[in-house]
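> Sequence:
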Amino acid sequence: MKNLLLVWAHPRDGSLTARVAAAVKSELNAVEVAVTELDLYRMGFDPSLQPIDEPDWHDIDKKYSDEVQTLAAQLKNQDAVIFVFPVWWFSVPAILKGYIDRVWNNGIAYGGGRRLPFNKARWIAVTGETEASFTKRGLDKSMTHQLNVGIGGLCGATDSKVEYLYDALGEDAVDIAAHHDALIEQARNVVRELKASF
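Residues 0 to 197 in numbering that gives the first Met the number 0 are what the sequence shown spells out, letter by letter.
In case anyone wonders, no lab produced these hints; they're calculated from the structure.
For each residue, glycine too, the CB sits at the ideal point set by N, CA and C.
Incorrect hints may appear among the rest.
Simulated crosslink set (DSSO-like; lysine-lysine; CA at most 27 Å straight-line) [as the list claims (entries may be wrong)]: (1) Lys140 / Lys96; (2) Lys160 / Lys140; (3) Lys24 / Lys96; (4) Lys75 / Lys194; (5) Lys194 / Lys24; (6) Lys75 / Lys1; (7) Lys61 / Lys140; (8) Lys62 / Lys24; (9) Lys75 / Lys62; (10) Lys1 / Lys24; (11) Lys61 / Lys1; (12) Lys135 / Lys75; (13) Lys62 / Lys140; (14) Lys62 / Lys96; (15) Lys160 / Lys135; (16) Lys135 / Lys62; (17) Lys61 / Lys75; (18) Lys75 / Lys96; (19) Lys194 / Lys96; (20) Lys160 / Lys24; (21) Lys96 / Lys135; (22) Lys160 / Lys1; (23) Lys194 / Lys1; (24) Lys24 / Lys61.
Distance windows between CB atoms, simulated [as the list claims (entries may be wrong)]: (25) Ala33 / Ala93: 37 to 43 Å; (26) Asp58 / Asp12: 26 to 32 Å; (27) Ser141 / Tyr40: 33 to 39 Å; (28) Arg191 / Gln49: 36 to 42 Å; (29) Arg136 / Ile59: 35 to 41 Å; (30) Gly111 / Pro50: 19 to 25 Å; (31) Asp171 / Arg136: 17 to 23 Å; (32) Asp174 / Gly111: 33 to 39 Å; (33) Asp58 / Ser141: 28 to 34 Å; (34) Ala93 / Asp180: 26 to 32 Å; (35) Asp12 / Gln185: 20 to 26 Å.
Work the whole structure out from these sequences, hints included.
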């Protein structure tokens, strides 16, 4: 059985993002993957990086806060990670960025030759805009590069892919419920593809 970390972020537990995360978890369970779920909002995660969790470039073995050490331990024995989040300002929400800042830290996910214990990362980005509107400024390319190379690649997740679920607001949708169901199915397909890659 494979082990997978599911990290998701949305302030409303009834949001489309939450429904996507639930579908991802359900699909993982259906293909016999053991899931560790981190619902960052409901667990009250604090994204602000305080001095205790600030990287010390001269001490690769710095002892971070108890919370970070606990969350870092959850990275061990994982075969992959899936992030589910809304796109805000062409990036991840602050709470998810804070998770990466604090937990994917120097000496844990990078630095001194250390890397994550898995090489697979999937980023499922729920995007309010249509694909045409979202991509016309090329910011999808910079966001994809940042997640796949700047974060995933640096930390050893060399098999990192971003999947955009476009038009979450339903601007082009005739039937918004059916449209949302199609986006959820798109997320399920990410899980199926990931499972097939193991």
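> Does each hint hold? Answer for all of them.
So, going through the hints one by one against the coordinates:
Annotation: proposed proximity of Lys140 to Lys96 holds, straight-line Cα distance about 18 Å (limit 27 Å). Pair hint Lys160 plus Lys140 holds up; C-alpha atoms about 12 Å apart against a cutoff of 27 Å. Distance check on the hinted pair: Lys24 and Lys96 sit about 21 Å apart at the alpha-carbon level, within 27 Å; holds. Taken as a hint, the Lys75 and Lys194 pair is honoured in the structure, with Cα atoms around 19 Å apart against an allowance of 27 Å.
A hinted pair counts as satisfied when its Cα atoms are at most 27 Å apart, and Lys194 with Lys24 qualifies at roughly 13 Å. Simply put, Lys75 and Lys1 have alpha-carbon atoms about 12 Å apart, close enough for the 27 Å limit, and the pair holds. As the CA atoms of Lys61 and Lys140 are separated by approximately 35 Å, the hinted pair breaks the 27 Å bound. For the given pair, Lys62 sits about 32 Å from Lys24 by alpha-carbon distance, which is inconsistent with the 27 Å threshold.
Restraint check for Lys75 and Lys62: satisfied, since their Cα atoms lie roughly 17 Å apart, inside the 27 Å limit. Between Lys1 and Lys24 the CA atoms are separated by roughly 13 Å; this keeps the pair inside 27 Å, and the hint holds. Note on Lys61 and Lys1: the hinted pairing is violated, with a Cα-Cα distance of about 30 Å set against a maximum of 27 Å. About 39 Å separates the Cα atoms of Lys135 and Lys75, which puts this hinted pair outside 27 Å; it is violated.
Between Lys62 and Lys140, the direct Cα distance comes to roughly 36 Å. Violation of the 27 Å bound is thereby established for this hinted pair. Between the alpha carbons of Lys62 and Lys96 the distance comes to roughly 21 Å, so the proposed pair stays at or under 27 Å and holds. Between Lys160 and Lys135 the alpha-carbon distance is near 20 Å, which keeps this suggested pair within the 27 Å criterion. This hinted pair does not check out: Lys135 and Lys62 have alpha carbons roughly 44 Å apart, beyond 27 Å.
Restraint check: the Cα-Cα separation between Lys61 and Lys75 comes to about 18 Å, which is no more than 27 Å; the hinted pair holds. The hinted pair formed by Lys75 and Lys96 meets the criterion: a straight-line CA distance of about 20 Å does not exceed 27 Å. About 26 Å separates the Cα atoms of Lys194 and Lys96, which keeps this hinted pair within 27 Å; it holds. With a C-alpha separation of about 18 Å, the suggested pairing of Lys160 with Lys24 holds against the 27 Å cut-off.
Restraint check for Lys96 and Lys135: satisfied, since their Cα atoms lie roughly 25 Å apart, inside the 27 Å limit. Taking the CA atoms of Lys160 and Lys1, the gap is near 19 Å; set against the 27 Å cutoff, the hint holds. Of the supplied pair hints, the one linking Lys194 and Lys1 holds, its CA atoms being roughly 9 Å apart against a limit of 27 Å. Our distance criterion of 27 Å between C-alpha atoms is broken by Lys24 and Lys61, whose separation comes to about 34 Å.
For Ala33 and Ala93, the hinted distance range of 37 to 43 Å is not satisfied, since their beta carbons lie about 29 Å from each other. Remark: the range hint 26 to 32 Å for Asp58 to Asp12 is contradicted by a beta-carbon distance near 39 Å. Taken as a hint, the range 33 to 39 Å is violated for the pair Ser141 and Tyr40, whose Cβ atoms sit roughly 26 Å apart. The supplied range of 36 to 42 Å is met by Arg191 and Gln49, whose beta-carbon atoms lie about 40 Å from each other.
The supplied range of 35 to 41 Å is met by Arg136 and Ile59, whose beta-carbon atoms lie about 39 Å from each other. For Gly111 and Pro50, the hinted distance range of 19 to 25 Å is satisfied, since their beta carbons lie about 21 Å from each other. Against the hinted window of 17 to 23 Å, the Cβ-Cβ separation of Asp171 and Arg136 comes to about 18 Å, which satisfies the hint. Checking the proposed 33 to 39 Å range against Asp174 and Gly111 shows it is violated: the Cβ atoms sit about 53 Å from each other.
With their beta carbons about 32 Å apart, Asp58 and Ser141 fall inside the hinted range of 28 to 34 Å. Distance hint check for Ala93 and Asp180: the Cβ-Cβ separation is about 29 Å, which falls inside the suggested range of 26 to 32 Å. Separated by about 21 Å at the C-beta atoms, Asp12 and Gln185 satisfy the suggested range of 20 to 26 Å.
Figure legend: structure checked against the earlier numbered hints; hints not met, in rising order: 7, 8, 11, 12, 13, 16, 24, 25, 26, 27 and 32.
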